[in-house]
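Peer 1: Here the sequence shown stands for residues 136 to 682, where the numbers follow our numbering.
A hint or two may mislead.
Quick list of in silico lysine to aspartate or glutamate cross-link-like pairs, EDC-like style, CA-CA up to 16 angstroms [what the hints assert, rightly or not]: (1) Lys568 x Asp659; (2) Lys329 x Glu348; (3) Lys568 x Glu662.
Simulated DEER-style distance windows between Cβ atoms [said to hold, decoys possible]: (4) Glu359 x Pro286: 39 to 45 angstroms; (5) Ser620 x Glu359: 47 to 53 angstroms; (6) Ser432 x Glu339: 21 to 27 angstroms.
What the hints contain is simulated information worked out from the structure, not anything from laboratory work. From the three backbone atoms N, C-alpha and C, an ideal C-beta is built for every residue, glycine too.
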Amino acid sequence: MNAEEIQPGRGLVAAPQAEAAYEGARVLTAGGNAADALVAAAFVQGVVDPHRCGIGGFGCATLFFHEAAGGPGRSLCVDFHGRAGSLARPDVWADLFEGETPDGFGYLVKNKVNDVGYQAITVPGMVAGVAEIHSRFGRMPWGELIERAIPYAENGFRVTPELANFWIRPGLHGRVSTRDRLGHTEAGREICFKEDGEGYQAGEVFRQPRLAETYRRLANEGPESYYRGALAREIAEDWQANGALVTLDDLQSYAPTIREPLSGSFRGYEVLSTPLPGGGVALLQTLALMERRLAGSVPLHNSPAYIEDYADILKRVWSDRLANQGDTSFGTPTDETFLTKEYLDTLAERESPQGGADCPDTTQLTIVDHDGNSISFSHSLGYNSGVFSPGLGILFNNCMSAFDPRPGNANSIAAGKARSTAVAETIVLEEGKPKLVLGSPGAARITAGISQVILNVTVFGMNVAEAVVHPRFDAYSDNTLLLESRFPAKVVAALAGGGWEIIHSPNPFGVVGRVYAAEISSRDPLEVIAGVDPGASGAAYREVPEE
């Protein structure tokens, strides 16, 4: 379903995977709320997009639940980031360091041990994060919700062109290719490749019977099994036998972090997003600096002047994030430090040497239910470690690749530390109630993608369906701009004539983030519009009849 076809109506679920959006909407129809829809949809995502997300991964969520629905009448952030294992010393790879990845989103060490294999794994938080949200707000039984995902694993699903391309993706920015990554373990070779040794093609059916059985165990035994039960022991035994830096004790002690979202303002709206080590600081910095630039006159949308001003800010913000922002529990400055007027004044004058690059290995869920309760939820495997637990079908994250192997920096390794991420799950409030709910995959491109959609709605008067499909841009380095293919030739020529190096992508969508958004256009009666990024095989579904 394209963004233009989605009309106002009651609650909905939007996701890069149509199956996940559909199952989430079915839960809403069955009487569930946003938290219930989240459980079903997130577990379906882990099946149908198995190399980008799943129960071996991590993420975060920003929520708004109304008092009448049993919620706090306010917002909440649930962080379930991957944390370095207790065996991860600050200098564990100091002697193996080879450099930063060219995309600015990771580090290279000898033999790629931080990227692929057991040492690359951090403590997975996805199951705990989803369970925390469900325990606080859910109405329907946990097991019943997970069971909706099991047929996709047991009976299989048709591989999308996007997923088929993943199997043949080369190594990016010094990393390992997908084929070598998924073939790292015997279990991975058995699960991910056909008898002829090839990956799956678009239209072929991909089955994951071991993952189906693990889901069934989680449905019957509950989420505690993953961290403190029989399932945890099986996972940890395999880790220990293969030299992982994470242990059974790490699983048993894991719990999500619950706190208030970051809050900022933009042109009369309140913007809620994820605290550090998430990407909410970068998003709020971008909006604050753009508000300053727009204080006089507002340039024509996507004009050269508008793009140049915006690009300069994006470079400054990304450079600040790389150098200074990290897990505040380990000595880096607090979120608020980076958002003071004085700090923003300094940032506005600072050199801006570096932009970032995209990473396609994250996914998004945007949910608004019939009561207006709203969730922006993201989870990921990073680039994935290539490690599958034998017999369980679980693919684990490779979050250790995003830690700086050099001790003493903001994002250096420490046991229990959460790695820095650009993920910015965001809810924009109007008069104290949700107006926009949005998020995006895309690594360093997340800040540019989400902020441009917010400006498209709040500054340029678009509805969210229009806002998501308009062409987007990002700053790549000192004088380089990345433009989606749909920018007019005159705009491209004017930017090039102004001294910018132009990377004009051949792709029309999904280059600068892949934003999935919902706009609550009316509260009484509730009317919600979805914005679905055409850059992936996604969809938005409303409450649909049970079959």
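Peer 1: Each hint should be assessed against the structure and marked as holding or not.
Peer 2: Consistency of the hints with the structure:
no.: 1; hint: Lys568 x Asp659; result: holds (12 angstroms)
no.: 2; hint: Lys329 x Glu348; result: violated (20 angstroms)
no.: 3; hint: Lys568 x Glu662; result: holds (13 angstroms)
no.: 4; hint: Glu359 x Pro286: 39 to 45 angstroms; result: violated (24 angstroms)
no.: 5; hint: Ser620 x Glu359: 47 to 53 angstroms; result: holds (48 angstroms)
no.: 6; hint: Ser432 x Glu339: 21 to 27 angstroms; result: violated (54 angstroms)
Violated hints, listed in ascending order, are 2, 4 and 6; each of the other numbered hints is respected by the structure.
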